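Please work from the sequences and hints to get the whole structure.
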Amino acid sequence: MKIAWPHMGSIEVAMTTILDELGLDYVLPPPSSNRTMQLGVKAGPEFACFPLKTTLGNYIEALEAGADTLVMIAGRGPCRFGFYAEMHRRILSELGYEFRMVTLEFHLNDLPLMARNIRYLKQGKPLRAVYQALKFGLAKAVAVDHIERQALHQRYLDLERGTTSAALRKAYRKMRDVSDYAGLPGAQRECLEMLAAVPKREVHDPVKIGIVGEFYMVLEPFFNLDIEEQLGNMGAYVERNIWLTDWIRPTGNNPIGGHHDRESEAAASPYLTHSVGGEGIHTIGYTVIYAREGFDGVVHVLPFTCMPETIAKAILPVVSRDVGIPVISLVIDEQSGKAGVETRLEAFVDLARSRRRHASRQT
Amino acid sequence: MIVGIPSGLLFYRYFPLWKSFLEELGADVLESGETTRSILSRGVTRCENDSCLPVKVFYGHALALKDKVDALFIPRIVSVEKRTHTCPKMLGLPDMIRLAEDGMPPIIAPTIDFHEGFWRNYKAVYQLGSSFTRDPRRILRAGISSWERHRAYRNHLAQGLKPRDAMNGDGQKLSDGRVLKIAVIGHHYNVFDSFTTMSLLDRLQGMDVDVVTSDMIPEEVQRAELRSLPKDIYWSYEREVVGSVLACVRRKMVDGVIFMISFACGPDSILQVVCEQERKAAGNLPMMCMVIDEHTGEGGFITRIEAFVDMLRRKKLQELRETRVA
Ligand code: SF4
Ligand code: SF4
Numbered sequence: 001m002k003i004a005w006p007h008m009g010s011i012e013v014a015m016t017t018i019l020d021e022l023g024l025d026y027v028l029p030p031p032s033s034n035r036t037m038q039l040g041v042k043a044g045p046e047f048a049c050f051p052l053k054t055t056l057g058n059y060i061e062a063l064e065a066g067a068d069t070l071v072m073i074a075g076r077g078p079c080r081f082g083f084y085a086e087m088h089r090r091i092l093s094e095l096g097y098e099f100r101m102v103t104l105e106f107h108l109n110d111l112p113l114m115a116r117n118i119r120y121l122k123q124g125k126p127l128r129a130v131y132q133a134l135k136f137g138l139a140k141a142v143a144v145d146h147i148e149r150q151a152l153h154q155r156y157l158d159l160e161r162g163t164t165s166a167a168l169r170k171a172y173r174k175m176r177d178v179s180d181y182a183g184l185p186g187a188q189r190e191c192l193e194m195l196a197a198v199p200k201r202e203v204h205d206p207v208k209i210g211i212v213g214e215f216y217m218v219l220e221p222f223f224n225l226d227i228e229e230q231l232g233n234m235g236a237y238v239e240r241n242i243w244l245t246d247w248i249r250p251t252g253n254n255p256i257g258g259h260h261d262r263e264s265e266a267a268a269s270p271y272l273t274h275s276v277g278g279e280g281i282h283t284i285g286y287t288v289i290y291a292r293e294g295f296d297g298v299v300h301v302l303p304f305t306c307m308p309e310t311i312a313k314a315i316l317p318v319v320s321r322d323v324g325i326p327v328i329s330l331v332i333d334e335q336s337g338k339a340g341v342e343t344r345l346e347a348f349v350d351l352a353r354s355r356r357r358h359a360s361r362q363t
Numbered sequence: 001m002i003v004g005i006p007s008g009l010l011f012y013r014y015f016p017l018w019k020s021f022l023e024e025l026g027a028d029v030l031e032s033g034e035t036t037r038s039i040l041s042r043g044v045t046r047c048e049n050d051s052c053l054p055v056k057v058f059y060g061h062a063l064a065l066k067d068k069v070d071a072l073f074i075p076r077i078v079s080v081e082k083r084t085h086t087c088p089k090m091l092g093l094p095d096m097i098r099l100a101e102d103g104m105p106p107i108i109a110p111t112i113d114f115h116e117g118f119w120r121n122y123k124a125v126y127q128l129g130s131s132f133t134r135d136p137r138r139i140l141r142a143g144i145s146s147w148e149r150h151r152a153y154r155n156h157l158a159q160g161l162k163p164r165d166a167m168n169g170d171g172q173k174l175s176d177g178r179v180l181k182i183a184v185i186g187h188h189y190n191v192f193d194s195f196t197t198m199s200l201l202d203r204l205q206g207m208d209v210d211v212v213t214s215d216m217i218p219e220e221v222q223r224a225e226l227r228s229l230p231k232d233i234y235w236s237y238e239r240e241v242v243g244s245v246l247a248c249v250r251r252k253m254v255d256g257v258i259f260m261i262s263f264a265c266g267p268d269s270i271l272q273v274v275c276e277q278e279r280k281a282a283g284n285l286p287m288m289c290m291v292i293d294e295h296t297g298e299g300g301f302i303t304r305i306e307a308f309v310d311m312l313r314r315k316k317l318q319e320l321r322e323t324r325v326a
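Chains E and A are the protein sequences, given in the same order.
Using my numbering, read the first sequence as starting at 1 and increasing by one per residue.
Using my numbering, read the second sequence as starting at 1 and increasing by one per residue.
Some hints could be false.
Simulated coverage check for chain E against chain A, where a stretch passes if three residues somewhere in it have a Cβ under 8 angstroms from a Cβ of chain A [what the hints assert, rightly or not]:
id : region
1  : 48–56
2  : 267–278
Restricting the straight-line Cα-Cα distance to at most 30 angstroms, the calculated cross-link-like pairs of lysine-lysine (DSSO-like) are [as the list claims (entries may be wrong)]:
id : chain 1 : residue 1 : chain 2 : residue 2
3  : E       : 42        : A       : 316
4  : A       : 316       : A       : 252
5  : A       : 315       : A       : 252
6  : E       : 174       : E       : 200
7  : A       : 280       : E       : 42
8  : E       : 2         : A       : 173
9  : E       : 125       : A       : 280
Just the calculated beta-carbon pair ranges, DEER-fashion [stated by the list, open to error]:
id : chain 1 : residue 1 : chain 2 : residue 2 : range
10 : A       : 302       : E       : 161       : 33 to 41 angstroms
11 : A       : 152       : E       : 33        : 19 to 27 angstroms
12 : A       : 195       : E       : 222       : 37 to 45 angstroms
13 : E       : 120       : A       : 317       : 49 to 57 angstroms
14 : E       : 270       : A       : 36        : 30 to 38 angstroms
15 : A       : 133       : E       : 260       : 53 to 61 angstroms
16 : E       : 226       : A       : 151       : 55 to 63 angstroms
17 : A       : 68        : E       : 321       : 21 to 29 angstroms
18 : A       : 195       : E       : 350       : 41 to 49 angstroms
19 : E       : 249       : A       : 281       : 37 to 45 angstroms
20 : E       : 269       : A       : 36        : 30 to 38 angstroms
21 : E       : 46        : A       : 207       : 25 to 33 angstroms
22 : A       : 173       : E       : 247       : 45 to 53 angstroms
23 : A       : 82        : E       : 161       : 37 to 45 angstroms
FYI, nobody ran anything at the bench for these hints, they're computed from the structure.
Predicted model only: the values in this text are computed from it and were never measured.
Quick reminder that beta carbons are idealized off the backbone N, C-alpha and C, glycines included.
Here's what the structure looks like:
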């Protein structure tokens, strides 16, 4: 059995750790590329949301590389994500691939199915071992999120462009190689020190930009056209509301993002009073929160036709007017190009910066 | 008090229910009527460009009522059945309309959510009622009689009346024992809006074709077909759409299917794949997917429909000839 899953941000670190711990075999699909996208776009339905196509592309490349068991989280709506696994299964089978799709459905009614699938995946390993592996993998993911956040916060200070990102890549590798639970805190510290050692410039009062949007698009740097890095390179202090380990936390508590789900729902309530699936309500909520915290602008990333985020996009202009900071919605699909996004972001950061200057002059 | 009900989206499903409930409570109900060019273009300019066509149309209807009513009635229908949801756009609809333009009238938006069990919904409806009257019996009566209206309306739809006729309980039926039978399946608002569909249903009748809609396919039949799918469909109204397509293609209830999809519809975009695959697996009954948006040109649309009908008719005649010889 060779397990594979689609790329998404740093999920690889957690997944490989869990599977290594259990001694299960896996295949990493080649890093996402234009080929990945083209494969997915060709095989996927035309109006499907963009992440469905890119993850489909990852699967195709994983199958080409010898995977035979595809893992995907599933659910029950209301947005399309809950149906991804079934779409992938149908489309890939029609293309003639042989594989088994194993879905992990996080829904009370589907617990029996989930238990069955976990039993299948663990291949006779004792449950205790599964628990240990999950614990280790998740702890590692939390550590990685902390490191990633540090990189996000300091990138604008780079004396030499790209050094923080390079240190971050090194940190990913280092964290991946940590082989026992006890070694985690030490490794995390070393990685943070590595980031701290990056030569920095002095910057006073940087422009502050928040990133909000659809889960996958925010987390996946290749397909969001590296907006985090782009913004950092433009000299902006960046914060974002979506973090892998916050998302899997069932309590609604978000230690990395910093605000409880309830807080962001309350912040959104003058504009959106009910969840609309996905991250829609938090996109609105965090825009309000970032404005309160003195940010100068919010970048909203969403895939074309995404339902929850299209609702948010419809409402954001009103929010932006009320809270008084500019918001830009970047709709991303297979036609988006890095250069085009860069131009738009540059103009946006300039706008935010002039707003900041203006505001500081007034006080 | 004049309460406006925009004639889009779930209007086609629940208007008689909503109207009679509100009227029993003493409100005057005003609907925005059939979609027109100006309603559509107003919606298109105001609504988020990446939205699906039906939501744009809905914006247009809501704006058309804006200055004529004291409040707009846009319930938030979250779920009409356990374990299912409506589409996210419907969850966000009351909020989107409230913020569509400055100076929108207040929105009355009771939340209907069957995940929450019967009582929560009872309470939501009761609360709505009590904002009109203090008399609990009146609310109860309004509830009961509007439900009866709703049943009657849906019965008329099932007999093949178009929505406006079904509201009056009288009119020409879509199916009338003609030789050629075509199912037109899709969300109500994609099938029954005669402006955005360019009078598809009337045109088909004009071509001497019997039309079957998903309302005319019994719910048990749809459900039975859905049970065979490996993954449950969790969108309430989409279940009807897919269940109907499956019933048509597997039970050969019709000669062909026209699947009406609106551009940028989230659920349709992927369930179309499910329908296509199941259709192929069930013997390839002809099916045409029509994707419509505000730019769809009438000429091309009609040509495609005519070609499809001609093809089906030739095929049917051929079949009839063969059976007669045999
Ligand atoms: S959140 Fe948007 S992009 Fe993501 S699965 Fe849902 S509809 Fe698709
Ligand atoms: S189901 Fe499709 S057409 Fe209907 S509101 Fe949702 S996205 Fe729009």
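Next item on the list: Could you tell me whether the CB distance from residue 173 (chain A) to residue 247 (chain E) stays inside 45 to 53 angstroms?
Entry: For residue 247 (chain E) against residue 173 (chain A), whose Cβ atoms are near 52 angstroms apart, the range 45 to 53 angstroms holds.
Notebook entry, point to check: Given the hinted pair residue 125 (chain E) and residue 280 (chain A), is their alpha-carbon gap at most 30 angstroms?
Noted result: Violated, at about 41 angstroms.
Checklist line | Cβ separation of residue 120 (chain E) and residue 317 (chain A), checked against the hinted range 49 to 57 angstroms | finding: holds, 53 angstroms
Checklist line | Whether the CB-CB distance between residue 133 (chain A) and residue 260 (chain E) falls inside 53 to 61 angstroms | finding: violated, 40 angstroms
Checklist line | Distance restraint between residue 174 (chain E) and residue 200 (chain E), which requires alpha-carbon spacing of 30 angstroms or less | finding: holds, 22 angstroms
Check: Do the Cβ positions of residue 152 (chain A) and residue 33 (chain E) conform to the proposed distance bound of 19 to 27 angstroms?
Finding: Violated: the Cβ-Cβ distance is about 59 angstroms, outside 19 to 27 angstroms.
Checklist line | Pair hint residue 42 (chain E) and residue 316 (chain A), alpha-carbon separation not exceeding 30 angstroms | finding: violated, 35 angstroms
Item checked: C-beta pair residue 302 (chain A), residue 161 (chain E): status relative to the range 33 to 41 angstroms that was hinted -> Because 58 angstroms falls outside the window, the suggested range is violated.
Notebook entry, point to check: Does the structure keep residue 2 (chain E) and residue 173 (chain A) at a Cα separation of 30 angstroms or less?
Noted result: violated, 57 angstroms
Next item on the list: Quick one: see if chain A covers the region 48–56 of chain E, three-plus residues with Cβ-Cβ under 8 angstroms.
Entry: holds (count 3)
Check: Per the hint of 37 to 45 angstroms, is the separation of the Cβ atoms of residue 82 (chain A) and residue 161 (chain E) within bounds?
Finding: The hinted range 37 to 45 angstroms is violated for residue 82 (chain A) and residue 161 (chain E), with Cβ atoms some 54 angstroms apart.
Note to self: Range first: 55 to 63 angstroms. Now tell me if the beta carbons of residue 226 (chain E) and residue 151 (chain A) are that far apart.
What the structure shows: Since the Cβ atoms of residue 226 (chain E) and residue 151 (chain A) sit about 57 angstroms apart, the hinted range of 55 to 63 angstroms holds.
In summary, the numbered hints that this structure violates are 3, 8, 9, 10, 11, 15 and 23.
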